Amino acid sequence: MRTIQTTEIVDAVAAMCIKGNTELPADVRAKLEQAMAEETSLSAKEVLRQLLENADLAMNTKLPLCQDCGLAVLFVEVGDDIRIEGGNLREAIDEGVRIGYGDGFLRKSACDPLTRANTGDGTPAVIHFDFVPGDTLKISYMAKGGGAENMSRVTMLAPAQGWQGIKEFVINRVAEAGPNPCPPTIIGIGIGGTFEHAAKIAKKSLLRKLDDTHPDPAIAAKEKELEDALNALGIGPMGLGGKTTVLGVKITMEPCHLASLPLAVNVQCHSQRHEEVIL
Amino acid sequence: MAEYKLNTPLTDEDIAQLKAGDVVFLTGFIYSARDAAHKKLVDLLDEGKELPFDLKGAAIYYVGPSPAPPGRPIGAAGPTTSYRMDSYAPRLYSLGLKASIGKGKRNAETRQAMQDHTAVYFGATGGAGALLSNSIVESNIIAFDELGPEAVREMKVKDFPLLVINDSHGNELYAVPDLKAAGIE
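Residue numbers (our numbering), protein chains in the order written: chain A, 1356 to 1634; chain B, 7 to 191.
Chain A extracted, bound-state conformation (with noise of 0.2 angstroms):
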């Protein structure tokens, strides 16, 4: 059994935090720098270059990249083999959000839901658990912007549409969403679970790595098919057109009731923010 200390975690999420909101994460960068090279439209090229503009002042200043420093959402994977010390672990990690929004300038998004009134403090963070072997705490950080999320579906497919209308759901919703999650945007898409797991799946697809490939080469393909489809639709950057609508997309695929077929379509803007720390 190891220990780990509250104050550890507290710690540790509050610079998460600050860093997510003012560092562009380097496979990001490389996407803009990328898609920058290949678009041949000049407004696609002058939005690109001003994000990357962007991306340099919010490193040199520690201004955040957007002035939403989204809702904290938070992936955790407890070892079997620790003990949390000190206080309990939601708590710690909502203090740590309570601290790194406070102290890094980062706007408070949280409010209620009927009355708006604004919590305050950017807390409570929706964190996912996850029970896993090994003596580490692994904590993913993710702030996710309004605007993209509110582009985003989850929809309960008939088996028989198969993954002919999963590409058809997911197109027709990039498609209607437009200009309005800043693209180019990522799109993590969840099949299969439940209705409520298809979206956490969908979410956590979002943590990968831009370049990444996914270990199934089945499902690799098809992300790459997604890919393409969407960046023929000639969305662009900020809807104005041009070569690339999306950075990329990833699927997280797993077993679901034989009555179903759940489809969580999260939408992300380019403003991918998200670090991780493993304790």
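Simulated from the structure, these hints should not be mistaken for lab results. What you are looking at is a predicted structure, and each value in this text was computed from that prediction instead of being measured. Some hints could be false.
Derived EDC-like pairs (lysine to aspartate or glutamate); straight-line CA-CA distance at most 20 angstroms [as the list claims (entries may be wrong)]:
1) B:Lys186 <-> A:Glu1531
2) B:Lys186 <-> A:Glu1582
3) A:Lys1579 <-> B:Asp184
4) B:Lys186 <-> A:Glu1523
5) A:Lys1579 <-> A:Glu1551
6) A:Lys1400 <-> B:Asp49
7) B:Lys45 <-> A:Asp1467
8) A:Lys1598 <-> B:Asp184
From chain B, some residues computed to sit far from chain A (all C-beta separations above 12 angstroms) [claimed, not checked]:
9) Asp52
10) Phe59
11) Tyr180
Now the stretches of chain A that chain B is said to cover, found in silico as 3 or more residues with beta-carbon under 8 angstroms [to be verified]:
12) 1413-1421
13) 1455-1462
14) 1466-1480
15) 1516-1528
16) 1532-1546
17) 1592-1606
The beta carbon of each residue, even a glycine, is placed where N, CA and C say it ideally should be.
Take the given structure of chain A and dock chain B to it, following the hints.
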């Protein structure tokens, strides 16, 4: 595609010359308002009360900035998605608002209101909040302080970079998705 330098307050002449796709560098005072502030503005109108700023010739920026760190007038300040303000925008255009600034599509009523009242919709680059904050030289909360990031701010801008998305003649800049090219009939 032309390039213009315009100052607030905006006139009908300023607006009528603009075409979708034109670039505008805006200087002067603009007002931040997004979801919750729009509701309060419209409530004030319903009660026959005065708004916290003059709508005549005004530009409203759909933004909820991040907090200003020491030494800067404002934090990151990029646009939020505009369709959520579509239920309020036609009324504000009819009362003299000349421009709204945001990102994403507007509905048919809002586009029609721009034609009826010689007004425009400008796009600013979404997700470029740090960069756009460089064009904001001053920012003061003038109403609804309790809304925090959603409070109404008077922002002094200098050469704020904008793109005309919807002009006052019914044109729109956004690309139409090519479903056929994506394999859908």
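Quiz item: If you check each hint against the structure, which ones fail?
Solution: Violated hints (numbers, rising): 5, 6, 11; every other hint is consistent with the structure.
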